[in-house]
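**Q** Spelled out, the chains give:
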Amino acid sequence: MVRLYTAVLCLVMLMAGCAKEKDNAIHIGVIAELTGDIPAVGASCKNAAEMAVKSVNDKGGLEIGGKKYAIKLQIEDSAGRSEQAASAAQKLITRDKVIAIVGPNASSGAIPASEIAETSKIPMISPWSTNPKTTIDPRSGKQKGYVFRACYMDSFQGRVLAAFAMGELKAKKAAVLYDVASEVLKGQAEVFKKTLEEKGGTITGFETYTTGNKDFTVQMTKIKNGSPELIFLPTYYSDVPLQVQQARRFGITEPVLGSDAWGSHDLLALCGKDCDGAFFSSHFSANSTTPGVKKFVDDYKALYGSVPDDVAALTYDSFGIMFEAMKRAGKPNSEAIKNAIQKITGFKGVTGDITFHEGSGDPDKSVVILQIKDGEFKWFADIKP
Amino acid sequence: MRIHTDYLTSRRWLLFVLTGVGFIATVIVSRFGLIDQYVELVAMYVGINIILALSLNLVNGYMGEFSVGHAGFMAVGAYGASILSVKVFSSSAGVWVFPLAVITGGVMAALAAVVVAIPSFKTRGDYLAIVTLSFNMIVKSVLENIDAVGGPRGFLGMEKLTTLPWTFAWTVVSVWAIRNFVYSNIGRGVLSIREDETAGAAMGVDTRKVKLHAFVVSSFFAGVAGGLYAHLLQFISPRTFDIIKSTEILIMVYLGGVGSIAGSITGAVIYTVLIEVLRVLGQWRMVIMPLLLVLLMIFRPKGIFGFMEFRWFEPVARKKKDEAVVPYRAAAREQAREQAGELLAINGLTHYFGGLCALSDFNLRLNSGQIMGIIGPNGSGKTTLFNLISGYYRPTQGSVLFNGAEITRMRPNEINSCGIARTFQNIRLFNNLTVTDNVKVGMFNSVNYNAADAMLRTRRFNDCEGKEVSECVRMLLELFALDKYASEAAKNLPYGLKRRLEIVRALATRPQLLLLDEPAAGMNPSETGALMELVHRIRDEFELTIMVIEHHMSFIMGLCQRIQVLDFGVTIAAGAPDEIKSDKKVIEAYLGSSGVSTRRDK
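Here the protein sequences come in this chain order: R and X.
For the first sequence, counting from 1, position 194 maps to 194 in full-length UniProt numbering; every step adds exactly one.
For the second sequence, counting from 1, position 261 maps to 261 in full-length UniProt numbering; every step adds exactly one.
If you're looking for bench data, these hints aren't it; they were derived computationally from the structure.
Model, not experiment: these values are computed from the prediction.
Hints should not be assumed to be uniformly reliable.
To be verified - Computed, partial: chain X to chain R, Cβ under 7 angstroms:
1) ASP36
2) GLN37
3) TYR38
4) LEU41
5) ARG153
6) LEU156
7) GLY157
8) LEU233
9) GLN234
10) PHE235
11) SER237
12) ARG239
13) THR240
14) GLN283
15) MET286
We put the beta carbon where it would ideally sit given N, CA and C, even for glycine.
Chain X extracted, bound-state conformation (with noise of 0.2 angstroms):
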């Protein structure tokens, strides 16, 4: 996302004022029928289909997920809609019947994505595939099975309340409002999702909210483009709204491109008109078709515009410089300093797969302020002693007290919230995200706005957005020398710094507690030296208790106060650096001993 500071040099206005012209240009020609009724009809098909898929790229391209359904939510819209406007209201009930006809379709389309949301917390890929394409298919039975509805021979009596402005003005308003969405702190919490969903509930995105949010908003644009449809042809049946039409709206996506707004309009574009213009091929139209998709999939596998933007697309940050930014670190401090004293207390907890135990009785108590060590050979339990604590695995026995509350079953997004964050051994970074989107992402809990602000652009949005979030992003980027990179994807970053962003984006969470997971790994010594700087540093500038797993003795020896060991998921050692260098345990597991190795075969 590029930021744009100066509004005018951008020349954004321009879109506003095409905006505008466009509307004008439509409503003048289908007033005085300027244009030719059979162009003007594609160009409404256009219109819907750039809703689809808009709508569509939503879930598949910026979340990540495969919904192959999309026009079982099309289906509910149209009949939504329909039945509204032929059954509950009588033509003269004037021009506001359309716009509450499709909004009601829209809304009704959105009810039923829960139905396919919930679902999705538990699955994703190729079987959250299969359940959309359930859904699409019992929508189409359902609707076959109601007499009400005209059953399998249609449902029909709408009048054609679509016309060329309506069209225009309600794919404005899509292209409007799901830009909005996605660039807002619930689409962050969209893409960190399609990028590495345990990192993005590591940093305290609650996924079920946000996948909640984005089929409930993708769902709500395909019930209108549904309701816009059915007011069009006036005539609707459930084949209409078969896996065909659902694939229609997928090769609009994927030929236009994922995850970008400019991708969809291009697809739909591309797509609609094609049908139309190779008509002069007769029935080789549609071998032409998909031949085409195909050779472009060959030469520009992501589509035309797959995750690019066309810049008038992304929204333009506006700053407010009046008022004063509450400093991240003052705030952090004062959170620190209510609850001095024991911070995290881990009692009896141990933890199996299977058979094997990963980890047993393991106790612990740790004091604010501290940096503690967790050391022991590979395969002693202690990813799995931070997988515990930040709520990935449910212990078999035992229980997590931070702060003095039980945060032994809570979801990881949950335990963020409370104040511990985490990095992992192997980087998970949000590789396709921008530096400063990855950091934001860590911010999702501190908002506090919510969806509709940010689709409507409310003030509360700007004030939140424009000040609080980049404010606090830039201060923490400058503070860890990231802000050259502030627009560079994170892929692209070498490896330390890659390292660094990662404990940046955990401190973006305003954690009290953080866990290192192998902080120095694949470091030289040199950088193992600057790191062990800068822990110390974030410690006292952030006023932290830091847990750090390392197998970097002086690493490990020279940062923490204390240090436990374990082997086998049991701990072995406890105490201060000097106890355990000459603990004879400890000096067995790592460098081995006959004792060892008769144990191990046991």
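Same shape as in the complex, but just chain R (with noise of 0.2 angstroms):
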């Protein structure tokens, strides 16, 4: 038993022993859940990560203030679990010195590690974490100022599209009909009505249902009626065949606009035809256009032979803006580092045009539209709020 304990003090010695030497490089730290549940985000991330940091490396380093810095990336496994994450964001920040964070991805680890990160005055950028109190301080309710994220909440995703449905599509009266069960969807339906509302449209119809129904036939007569000029549906993609089906056999023709909670293969299988014109938002689209988009997808592909999603592109970003900050701050510096992200406007990013406002962790940023085309998702525009 005593070789036992001594073996234990060992590790724990080893553990408190490995202190990273001074260098010249800048330390940077990425926490993503390459195990546990979620180990695809985790993959995504940390595919992302080492890109990123590859092609500025490859390019002699990050220049800032005139000289030129290695960036050195440490990757943690969060395990998908909340301690695991804090104990990496402190490991990140005591042990190996470094000067920002990217991740956690998923918000059960990003929260707590922002805590850890914001006491400890260390920007933190989660690249897809979407809870609310990611960034806010709950015990004050203000902003946190160390913690960013590169993803668009749900109440800003509702507003965008609103914005979208009157400009693009110039429709002034709108039906919507939503999963009353999910949170996420109930708070995109109703920040889009009011958004509209306030932007002078009318809503003529504001329909529920509960996970798992599957007859729409009371709320479509009750849409019909309303004779609206485009139908919003927030709902999971695997609903949103028969919805349309539904709607079509009523002779609703009107365009179909919905959120990312669409975003999966399977809807195109499962609607056909029917689904056709259909708009919906999303993070990122891998066929956009634009030049940028379009280098990192064939820079993505040739280096992991697959399509970067939207954890990926997000993760890409957030080390995009973090460099634009580093040129910005002029050192490498935490601090100056996080009033650098603070200041950032119209950030080119793969997932669109990205703005930080003083006092906010949250970006303002477009919303990458897509259109269900010959069975596929083509990208459409990027709406601007």
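Reassemble the complex: the two chains are provided individually, in unrelated frames, and hints are given to aid placement.
**A** Pasting the structure below:
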């Protein structure tokens, strides 16, 4: 037993002893869900992070204030667990002396990690965390100073979609059908309604159903009677085909608009021709014609042999924002980087144009609108708020 | 359990010094930032995990159940403590907010434990595992559906109140309290459930009370760990407390070894530290961890400390020598004298197993001080009769009166408390417990302290445990020449001594009536002779009334004043030994005749 305790003690000392020695490189930490229940998210995040850093280092490093710095990446696994995300953040900050952190993606890891980043005054960007509480200090209700995210939130999406409906689609009267059991979808529907009405539009029908319902006859009858110019369906991709097919049967031929809950290729198989022409919002489109996106997708394909998903694109943009902020800060210093991120405007990312405002960790960014055409998701437009 | 008589030579005081020094060290270290915050964070995880592992070990290791949903209790504690510290108290309420919040979390988890404890009265093993699993899932989905605590998005707003000194203090308190619980009367009840629940109940252990206590204590500490966790991460969500979390706790317990406090501590330390140290391996970390566990299970199947204890975690017996102990025999005698006359009356007792009549219209009158024999061929209903008297079966018809009071529908432990003790046909000792502890389980109802006294080691506990219990056990063991085996595990005793120990254990329950089920089975003539002497002796010294089932005719004839003969559940003869010997029906039943075989063919 003595031997066992000696072994444990040695391990602890090993852990205590392996602090990084100083060098001239800039250390950036990544916390990704490499193991656990969402390893696909972690893998995309890791791939994009390594690609972003490689592209900078291949050019001899990042030029900050006239001096080139190599970027060193330290990737830690959160296993999708809150406590491991927190210990990973603490390790990156105290052990690896990182000056900034990208990740974690899941909100259950991003929130506890953000508490540690905030107290340690280390800027952190979560690529994918959509929980509004990630960037807000729950005690004061104010924005955290050092915590940012690269994705937009649900309320923002509802706002942009309403603008898109009234602008590009020129619809002044819209009907909404949404899944009342989902907090996310309910939020999107409500924000859409509020924004549309503020802009002078009218909601002709605001119908609900609950996950699992298959018959929408009653709702469609009411929607038809309101004679809208557009139907907004913030519903999950598995429900969309039935809803669209039943709407068409009722003779509702008006354009259909969806949210990011549509983003699965299963939708195409299930809906067939009925969904042709419908629009929905997304974080990222791999077949966008924007040159920046095309280069990102090609590079990613060349390196990893697969098409990047939204997590990869958002992680790539998180690094883009980080590098941009470092350049603008003029020195590799956490405090300066944080201040620079807050001042970033019109950053051309692969997920759209990103702008931060002082005192907010949530970006204003364009939303990618995709259209279903010939059994494929086609990039349609980047819509700015 | 070893007993250390001399407190100082055992160097036990070092434990207190180390604890004190440790606490001061944590205060200094966290106050002045002497260690790396990462190490500090991991150290706090270690503390929380030690509490979790210990609390699960109480149920899985000591009680021998298999709970797989422990994270459910942790969740209740975490949410309870967080709601209290965020919504009820404002941050200005001072330093007492935190301990109060954590304790409240523990109490709420303890209340939730009742939900699992009640099904555990009737079911165990795989079925109870499913109950605990469901409990975990129910807690998770209930939390996901309560908007007031954030639903699936989680609850936050807690201050970072969990510090290294607090974690250290709570860990020490948990170790101390759970150790005290295990090494007490109710703790022995917990162990008896693991070893042999049926035998435990026969020795008067109120298994329901014991299970409820074990679940409540276990959940309380799981809740405390939840409270500490919530105030460390400042964020909790239902997902945090899923089956994976429960599995983590299980791994720590089985890695360290079940039924051992040192094991739980070791398991928690190794698991928590290794997960962090192995970070260098990237995503292979989560492959290496389970692999290590598999290897450990191959080379050390009971875990590192399985059923072993670090000496310093075992309590020292504190003896009180100044006051006289109420002699056991005197007390028993007094009790017996009060109730001379008819002790047991059985009227028309009938029992069916499905359509099979195991016992039919059985009647019996037994006076104090008698030794009565029940004989009959195999399957004639003798053991069924004992099981009916001692409460294992509910009779289809009829009644059993003991000291004039009806005991027919009582539970086994209640019947034992009335003054009926028994032994079993196939010896049912608590095999992994020492001889001393086997006898102490028999004294379950003789102690006058409760679980709280035990956990806080009050004066009442020390008086009773150090004086009455230990004296009484010592006396009983000496009387039956088992004293030199006192700290031997029961399973290591030779056969004859096991039989004797079972009788001693039954005597420890202070019975008036003793039921012996084939005590001479497997004994040679000289052993049988010694046993006969022993039965006579205990009858006289303890003023007992005894019922014996036996096949050895010489044993029965030489011992009993009255004999009742059963065949196919029917009484075929009753009377003095000489009458029975010459009874025609009895000879027929035992030796067989043409009449018997046709009757059996019917």
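**Q** All hints are to be evaluated individually against the structure, with a verdict given for each.
**A** Here is what the structure says about each hint:
{"no.": "1", "hint": "ASP36", "verdict": "5 angstroms, holds"}
{"no.": "2", "hint": "GLN37", "verdict": "5 angstroms, holds"}
{"no.": "3", "hint": "TYR38", "verdict": "4 angstroms, holds"}
{"no.": "4", "hint": "LEU41", "verdict": "5 angstroms, holds"}
{"no.": "5", "hint": "ARG153", "verdict": "5 angstroms, holds"}
{"no.": "6", "hint": "LEU156", "verdict": "4 angstroms, holds"}
{"no.": "7", "hint": "GLY157", "verdict": "4 angstroms, holds"}
{"no.": "8", "hint": "LEU233", "verdict": "4 angstroms, holds"}
{"no.": "9", "hint": "GLN234", "verdict": "5 angstroms, holds"}
{"no.": "10", "hint": "PHE235", "verdict": "4 angstroms, holds"}
{"no.": "11", "hint": "SER237", "verdict": "5 angstroms, holds"}
{"no.": "12", "hint": "ARG239", "verdict": "5 angstroms, holds"}
{"no.": "13", "hint": "THR240", "verdict": "5 angstroms, holds"}
{"no.": "14", "hint": "GLN283", "verdict": "4 angstroms, holds"}
{"no.": "15", "hint": "MET286", "verdict": "4 angstroms, holds"}
Consistency note: the structure conflicts with none of the earlier hints.
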